[in-house]
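**Q** Top line first, the protein sequences correspond to chains A and B.
Following my numbering, the numbering of the first sequence begins with 1 at its first residue and continues without gaps.
Following my numbering, the numbering of the second sequence begins with 515 at its first residue and continues without gaps.
No wet-lab data here; the hints were simulated from the structure.
None of these values were measured; they are calculated from a predicted model.
Misleading hints may appear alongside valid ones.
[Claimed, not checked] Keeping only pairs whose Cα atoms sit at most 25 angstroms apart, straight-line, the calculated PhoX-like set for lysine-lysine is: (1) B:801 / B:525; (2) A:388 / B:713; (3) B:800 / A:337; (4) A:388 / A:259; (5) B:801 / A:281; (6) B:857 / A:388; (7) A:358 / A:26.
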Amino acid sequence: MPFLGLVMSTSLLEMKNITKTFPGVKALSNVSFKVEQGEIHCLVGENGAGKSTLMKVLSGVYPHGSYTGEILFNGTVQNFRHIADSEKAGIAIIYQELALVPEMTVYENIVLGHEITKGFRIDWNETIRKADEMLKKVRLDVNPATKVKDLGVGKQQLVEIAKALSRNVKLLILDEPTAALNEDDCDNLLNLMDGLRKEGVTCVLISHKLKEVIRIADKVTVLRDGQTVITLDASLGEVSEGILIKHMVGREIEDIYPKRKHERSEDVVMEVSGWYAEDPKTQRMVLRDINFNLKKGEIVGFAGLMGSGRTELARSIFGNPDGYRLKGEIKVKGSRKQLRSPKDAIRSGIAYASEDRKGNGLVLIQDVKQNITLANLQEIAERGVVDKNAEVKIANEYKTALNIKTPTVEQIVVNLSGGNQQKVSVAKWLFVKPDVLILDEPTRGIDVGAKYEIYTLMNKLVEKGMSIIMISSELPEVLGMSDRVYVVSSGRLAGELPIAEANQERIMQMATSC
Amino acid sequence: MTVNDLRKVLKQNIREYGMYIALFIIMAIFTATTDGVFISSRNITNLMNQTGYIAVLAVGMTLVIIIRHIDLSVGFLAGFLGAIAAIAMVSWGLNVYLTLSLTLALGILAGIATAFLVAQMGIPSFVATLAGWLIYRGALLLVTRKTGTIIIDNAFFNAIGNDYVPDLLGKLPILPEVHKLTLLLGLLTVIWFNISAVKTRRSKQAYNFEVVPMDMFVLKQLFVSAILLCITWILAGYNGLSWTLIIVLVVVGIYHFVASQTVLGRHIYAVGGNPEAAELSGISVKKITYVVFASMGLLSALSGILFASRLQSATTTAGTLFELDAIAAAYIGGVSAAGGVGKIASSLIGALVYMSLTNGMNLMQIDMSLQYIVRGAVLAIAVIFDVTTRRGGK
Ligand SMILES: Nc1ncnc2c1ncn2[C@@H]1O[C@H](COP(=O)(O)OP(=O)(O)OP(=O)(O)O)[C@@H](O)[C@H]1O
Ligand SMILES: [Mg+2]
Numbered sequence: 001m002p003f004l005g006l007v008m009s010t011s012l013l014e015m016k017n018i019t020k021t022f023p024g025v026k027a028l029s030n031v032s033f034k035v036e037q038g039e040i041h042c043l044v045g046e047n048g049a050g051k052s053t054l055m056k057v058l059s060g061v062y063p064h065g066s067y068t069g070e071i072l073f074n075g076t077v078q079n080f081r082h083i084a085d086s087e088k089a090g091i092a093i094i095y096q097e098l099a100l101v102p103e104m105t106v107y108e109n110i111v112l113g114h115e116i117t118k119g120f121r122i123d124w125n126e127t128i129r130k131a132d133e134m135l136k137k138v139r140l141d142v143n144p145a146t147k148v149k150d151l152g153v154g155k156q157q158l159v160e161i162a163k164a165l166s167r168n169v170k171l172l173i174l175d176e177p178t179a180a181l182n183e184d185d186c187d188n189l190l191n192l193m194d195g196l197r198k199e200g201v202t203c204v205l206i207s208h209k210l211k212e213v214i215r216i217a218d219k220v221t222v223l224r225d226g227q228t229v230i231t232l233d234a235s236l237g238e239v240s241e242g243i244l245i246k247h248m249v250g251r252e253i254e255d256i257y258p259k260r261k262h263e264r265s266e267d268v269v270m271e272v273s274g275w276y277a278e279d280p281k282t283q284r285m286v287l288r289d290i291n292f293n294l295k296k297g298e299i300v301g302f303a304g305l306m307g308s309g310r311t312e313l314a315r316s317i318f319g320n321p322d323g324y325r326l327k328g329e330i331k332v333k334g335s336r337k338q339l340r341s342p343k344d345a346i347r348s349g350i351a352y353a354s355e356d357r358k359g360n361g362l363v364l365i366q367d368v369k370q371n372i373t374l375a376n377l378q379e380i381a382e383r384g385v386v387d388k389n390a391e392v393k394i395a396n397e398y399k400t401a402l403n404i405k406t407p408t409v410e411q412i413v414v415n416l417s418g419g420n421q422q423k424v425s426v427a428k429w430l431f432v433k434p435d436v437l438i439l440d441e442p443t444r445g446i447d448v449g450a451k452y453e454i455y456t457l458m459n460k461l462v463e464k465g466m467s468i469i470m471i472s473s474e475l476p477e478v479l480g481m482s483d484r485v486y487v488v489s490s491g492r493l494a495g496e497l498p499i500a501e502a503n504q505e506r507i508m509q510m511a512t513s514c
Numbered sequence: 515m516t517v518n519d520l521r522k523v524l525k526q527n528i529r530e531y532g533m534y535i536a537l538f539i540i541m542a543i544f545t546a547t548t549d550g551v552f553i554s555s556r557n558i559t560n561l562m563n564q565t566g567y568i569a570v571l572a573v574g575m576t577l578v579i580i581i582r583h584i585d586l587s588v589g590f591l592a593g594f595l596g597a598i599a600a601i602a603m604v605s606w607g608l609n610v611y612l613t614l615s616l617t618l619a620l621g622i623l624a625g626i627a628t629a630f631l632v633a634q635m636g637i638p639s640f641v642a643t644l645a646g647w648l649i650y651r652g653a654l655l656l657v658t659r660k661t662g663t664i665i666i667d668n669a670f671f672n673a674i675g676n677d678y679v680p681d682l683l684g685k686l687p688i689l690p691e692v693h694k695l696t697l698l699l700g701l702l703t704v705i706w707f708n709i710s711a712v713k714t715r716r717s718k719q720a721y722n723f724e725v726v727p728m729d730m731f732v733l734k735q736l737f738v739s740a741i742l743l744c745i746t747w748i749l750a751g752y753n754g755l756s757w758t759l760i761i762v763l764v765v766v767g768i769y770h771f772v773a774s775q776t777v778l779g780r781h782i783y784a785v786g787g788n789p790e791a792a793e794l795s796g797i798s799v800k801k802i803t804y805v806v807f808a809s810m811g812l813l814s815a816l817s818g819i820l821f822a823s824r825l826q827s828a829t830t831t832a833g834t835l836f837e838l839d840a841i842a843a844a845y846i847g848g849v850s851a852a853g854g855v856g857k858i859a860s861s862l863i864g865a866l867v868y869m870s871l872t873n874g875m876n877l878m879q880i881d882m883s884l885q886y887i888v889r890g891a892v893l894a895i896a897v898i899f900d901v902t903t904r905r906g907g908k
C-alpha cells in the first residue's frame with residue numbers, strides 16, 4: 001500500500017475533492033489543495049470560505065467518514081480519525097486560540113502529551129534540555145521555567161510552535177497566527193517561518209493580512225464559498241494584493257478605507273481627565289494621567305503596542321469590571337459620571353466590543369439572535385417578558401446589515417467562522433445604540449471584504465452622530481479610519497495627532513517613547 | 515408528511531424527546547412487572563405526591579447548575595425548616611399562615627447567606643454549601659434534640675401533603691366513580707394548550723418566520739393532548755388532584771415561564787454560558803447569583819414544608835439525601851455541568867423518572883441494595899445519552 005501511494009503523488013500533501021457539509025451549510029465542496037515539500041503555502045479567503053474547516057478535515061478533527069474526498073500525505077492515503085493520528089503522521093496545527101496551559105511552565109507545555117520519561121518517572125533534566133533546544137530553534141529567549149501566563153501573546157505563539165517542532169513535524173499549519181500579534185511580533189514570526197523553510201519545514205499559513213501573505217508565500221490558494229478558486233505561484237509573479245482581493249471577494253475594491261463626509265462638530269461627548277488606574281492584585285499602576293476627549297461624530301484611533309494599556313483603559317472606563325483602583329473623572333455629555341459597572345456604562349451610553357470575542361465577548365453556546373440582543377433585552381421586552389418574534393426580526397435585520405454568514409439566526413455562535421463571530425459581537429453593541437462605541441480591535445481576523453463592510457458601517461454610524469473609539473494594532477487601519485489619533489505607551493498617553501500629521505513613523509516613535 | 519419527515523423531526527429533537535421516551539419505557543416496564551399496579555390511579559397519584567418535594571428542589575437546582583454552581587445544603591435546609599415550621603405551630607402556637615410565611619422567608623434568607631459566601635466572598639459553592647450541609651444538619655438535630663420527632667396536628671398544614679382538591683362538581687349525576695373537577699381542569703388545560711399553540715403559530719406566521727408543517731403541528735398537538743388527557747383520567751379515577759401536585763405544577767409553571775420567556779431568565783442562561791461576556795453586557799453576575807440561590811432557599815423551604823406535611827411530623831433525619839436526589843433528577847433532565855444549558859420542564863421529567871424508579875422498585879419489593887445500583891446506572895446512562903446526542907447535534 002505505501003509503495004502504491006508513492007507512485008501516485010510527489011507532493012507532500014494532496015487533498016482531493018474534499019466535500020464537507022454541516023446541517024444547512026456546505027462548508028467545502030470539491031476542494032482540492034496541494035502542498036509541495038519545503039514551501040510556504042498560504043490559504044486565503046473571506047470569512048466562512050472554509051479555510052479552518054479544510055484544515056480541520058486534514059488534521060482529523062472532523063474524522064474520516066464525516067467528509068468525502070481523499071487525503072494523500074507523504075505519498076500515502078490517510079484516513080485520520082483523531083488529531084492524534086495526524087500528529088503521528090507529522091502534521092501539527094496551531095490554532096488561533098492557543099492551546100497552552102497558562103498555569104504550567106514553558107517546558108511543561110512544550111512536552112505536554114509527549115512527556116520524556118525514564119522508567120515511570122518524568123525525566124525533568126532531559127525535558128528542560130529539549131525545551132531549551134526548541135526555544136533556540138524558534139529564537140525565543142525566555143527562561144523555560146517561566147509560567148506561560150506570564151508571557152505575552154507573541155511569545156506564547158512561539159512556545160506553541162516550539163511545541164509543534166519538538167514532535168518532528170513534516171507539515172506545520174498555522175491558522176491566523178498573526179491576528180493577535182503586534183507588528184514586531186508578526187515580523188518575528190515571519191522571519192522564523194522563513195528560517196524554518198530553509199531547514200526544510202513545510203508550512204501552511206492561513207491569514208487575512210495580505211501584506212504578510214505577499215511577503216512570505218511561495219504559493220497562495222484562494223478559497224471562496226467553500227470552493228478552490230485558484231492557486232497562484234509567487235515565483236511566477238502571480239501574487240499581488242489586487243489580484244488576491246479580486247479572487248477572494250469576486251470583485252475589486254478600490255479603496256479599502258472608504259471615505260466619509262467630514263462634518264465634525266465640536267461638541268464633546270466624552271471627556272476623561274486625570275485618569276489613573278492601579279491593579280489591586282499586583283499593586284501595579286496600569287494607567288497614569290490619561291486625558292482625552294471624544295467629539296460627536298468622530299472616530300478617534302487609539303494606537304500603541306500590544307500591552308500598552310489600551311484595553312485596560314477602555315475597560316476601566318466601561319464600568320471597570322476588573323476592579324482597578326481608579327482616580328480621575330469621566331464626563332459624558334457634560335455631566336460627571338461614576339460608572340461602577342458595565343451596566344452603568346451602558347446606561348450612560350457607552351458600549352465596548354471586546355477584543356477577545358470568544359473569552360468575554362460572546363456566549364458561544366447560545367445562538368446568533370440571543371447574542372445580538374443580550375446587552376439590550378429590555379428593548380424587546382414588555383414587563384420583563386421577552387418578545388421572541390421581535391427578537392428574531394431584529395437579529396435578521398442585523399444579519400442583513402452586517403452580512404453575517406449563517407444559515408439562520410438560530411445557529412449557535414460557536415459554529416460560525418471567526419470573522420462572522422466578530423460581526424455578531426459588533427451587532428450586539430450596535431443594538432444597544434450607544435453614543436460612544438468603543439471597538440477594541442474590531443477587524444481582528446476579518447477578511448478584506450468584511451473589513452470594508454465594517455468600515456462602511458462605522459462611517460454610517462458617525463454620520464448619524466455616534467462617536468467611535470477604535471483601538472487597533474494595525475496602523476494602516478488607524479491611519480485610514482481615524483479623525484484623530486491618540487498614542488498610548490506603557491499606560492500613558494504619549495500624545496495626540498490630528499490625522500493630517502499622523503504617519504506610521506511618528507506613531508511608532510511615540511508608541512515606544514515611554 | 516412522510517415517515518422521513520417524522521424521523522428528521524425526531525432526530526433533531528432526540529435529546530428532548532429522549533427523556534419522555536425513557537419515562538414511557540420505565541413506566542411500561544413497571545406496569546408489566548407489577549401486573550398493572552404501577553399504572554393504577556392510586557399508585558400514580560401516590561407517585562406524583564412522592565415526587566413533589568424532590569421536584570421543587572430539582573427545579574431550583576437546575577438554575578443553580580445552569581449558573582455553574584451547586585448547592586449541597588438544600589436537603590438538610592429543607593429538613594431543618596420543616597422542623598422550624600413544626601415547632602412554630604406546636605410549641606410557639608403560631609398560626610399556620612404565619613408559619614408558612616416565616617418558613618419560606620427563612621429559606622430565602624438562607625439562600626441569600628449562601629449567595630453572600632459564593633458571590634461576595636468568592637468561596638466555591640461546593641465548599642460553601644458543604645459547610646451549609648453540616649450546619650443545617652447540626653441545626654436540625656439541635657432543634658429536635660429534646661423532643662425527637664415532633665407530631666404536627668394542624669389540619670390545614672397536613673392537608674398540603676395529604677389531601678386533594680375537593681370535587682366541587684361531585685353532585686353531578688354523570689360518571690359516579692370519577693373526580694369530575696379534575697377532569698374539567700384537565701380538559702380546560704388541553705384546550706388552553708391548543709389555543710395558545712395556535713396563537714404562537716399565527717404570530718410567527720405574521721412575522722413570516724418558519725413554522726413546522728401543518729400536519730406535523732397537528733400530530734404534535736394531538737399527541738400531547740392525548741397524554742395530558744390520559745394522565746387526567748388516571749388521576750381522576752382516584753382522589754383527583756392533590757394539593758402537592760398543584761403546588762408542584764404552579765412552581766414548575768412559574769419557573770419555566772421565567773427561565774424561557776423573561777429577561778431575568780435570559781440573563782441567568784447568559785451568566786451560565788459565559789460569565790465574563792454577561793458582565794460586560796451589563797448583567798450583574800453577582801445579582802444573578804443572589805437571585806438564583808435565594809430561589810433555591812425558597813424552594814428548599816417549600817420542599818421542607820411538603821415533606822413535613824406529608825409525614826405530618828418533623829423528624830430528626832428529614833431531608834437526608836434530598837440534595838443528591840435533586841441533583842440526580844436535574845442531570846437526568848439534561849442540565850449541563852459546563853453551565854448555560856438546561857430546562858425546567860425537563861428537570862421535572864427527570865425527577866419523575868427518578869422517583870418512578872424508586873416507586874416501581876418498591877412495588878416490586880426489590881432490595882434497597884439493588885435499588886441504589888439501578889438508580890446509579892440510570893443516572894449514568896441518562897448523562898451518557900445527553901452528552902453523546904449533544905455532540906452529535908453539533
Ligand atoms: N461546526 C459547524 N457547524 C455548522 N456550521 C459550521 C461549523 N463549522 C463551520 N461552519 C460553517 O462552515 C463555513 C466555513 O467555516 P470556516 O470556519 O472554515 O471559515 P474560515 O474560512 O476559517 O473563516 P474565517 O476567516 O472567518 O475564520 C462557515 O459558513 C461556517 O459557518
Ligand atoms: Mg477560520
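**Q** Taking the hints in turn, state whether each one holds.
**A** How the hints compare with the structure:
Under the criterion of a C-alpha separation no larger than 25 angstroms, the hint pairing residue 801 of chain B with residue 525 of chain B is inconsistent with the structure, at around 38 angstroms. Between the alpha carbons of residue 388 of chain A and residue 713 of chain B the distance comes to roughly 14 angstroms, so the proposed pair stays at or under 25 angstroms and holds. For the hint pairing residue 800 of chain B with residue 337 of chain A, the CA-to-CA distance comes to about 22 angstroms; that is within 25 angstroms, so the pair holds. The hinted pair formed by residue 388 of chain A and residue 259 of chain A fails the criterion: a straight-line CA distance of about 38 angstroms is larger than 25 angstroms.
Using a Cα cut-off of 25 angstroms, the hinted pair residue 801 of chain B and residue 281 of chain A holds, with the two alpha carbons roughly 24 angstroms apart. Between residue 857 of chain B and residue 388 of chain A the CA atoms are separated by roughly 17 angstroms; this keeps the pair inside 25 angstroms, and the hint holds. About 24 angstroms separates the Cα atoms of residue 358 of chain A and residue 26 of chain A, which keeps this hinted pair within 25 angstroms; it holds.
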